[in-house]
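**Student:** What follows is each chain in one-letter form.
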Amino acid sequence: GESVGLHLPTLSVQEGDNSIINCAYSNSASDYFIWYKQESGKGPQFIIDIRSNMDKRQGQRVTVLLNKTVKHLSLQIAATQPGDSAVYFCAENTGTASKLTFGTGTRLQVTL
Amino acid sequence: DAEITQSPRHKITETGRQVTLACHQTWNHNNMFWYRQDLGHGLRLIHYSYGVQDTNKGEVSDGYSVSRSNTEDLPLTLESAASSQTSVYFCASSESSHKETQYFGPGTRLLVL
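Protein chains in written order, with this note's numbering: chain V, 6 to 117; chain L, -6 to 106.
Please note that the accuracy of each hint is not assured.
[Claimed, not checked] Listed next, the stretches of chain L that the computed footprint assigns to chain V, with coverage defined by at least 3 CB atoms under 8 Å from CB atoms of chain V: (1) 38 to 49; (2) 94 to 105.
[Claimed, not checked] Under 8 Å between C-beta atoms, here's a sample of chain L residues computed to sit facing chain V: (3) Gly35; (4) Tyr57; (5) Ser60; (6) Ser77.
[As the list claims (entries may be wrong)] Using 27 Å as the maximum straight-line C-alpha spacing, the simulated DSS-like pairs for lysine-lysine come out as follows: (7) L:Lys4 / V:Lys76; (8) V:Lys61 / V:Lys104; (9) V:Lys73 / V:Lys61; (10) V:Lys73 / V:Lys47; (11) V:Lys73 / L:Lys4; (12) V:Lys47 / L:Lys4; (13) L:Lys4 / L:Lys50; (14) V:Lys104 / V:Lys73; (15) V:Lys76 / V:Lys61.
No lab work stands behind these hints: they were computed from the structure.
Where a beta carbon is used, it is the ideal one built from N, C-alpha and C, also for glycine.
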């Protein structure tokens, strides 16, 4: 499959452990954030989103935390599974248009 | 099920040739986007459209063009392919409102020799 980034920061976790992937954003005007998962050879897949009027949102096994004070976003994955191995991107929306700005991503490796 | 598709999935072409990459979505989304993904750069926006007959340049639009003649399709054309345009190209779509998730196609891997 394709390689989306040979020099991406990598997080290695053991199966069953919790994972935390971090993302710093630079624009204090950003008010909508999304986490995507990208497996090798596939397009980015939506995981969870959060708007700036919230600081936490939970999905199935995933939680996104937003700290607007320090412009930091995190994705927590509970009980990490081998199928969670992928590259994870955060994306932010700034202003009134529908465009997103993407981070470069973090590779999550799940070890057995 | 509604979906977004891209074709071809893989393409090899020669420098100077015109190439068109297809993107088709069945969600009836007004917004459509084209990105390229390269090592060390993440996803970069090439062109986008907010509806039929609307097109806009993104951050890396030089050498690319798009047209939107209907809601479902946003073809991306490389007017004269260059080796620097070797990349993986992703199409995405989203609903009309401003703060909505973009859904991505499977990508097209393009090699320009």
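**Student:** Which earlier hints turn out false for this structure, listed by number in ascending order?
**Tutor:** The structure breaks hints 4, 5, 6, 7, 10 and 11; every other hint is satisfied.
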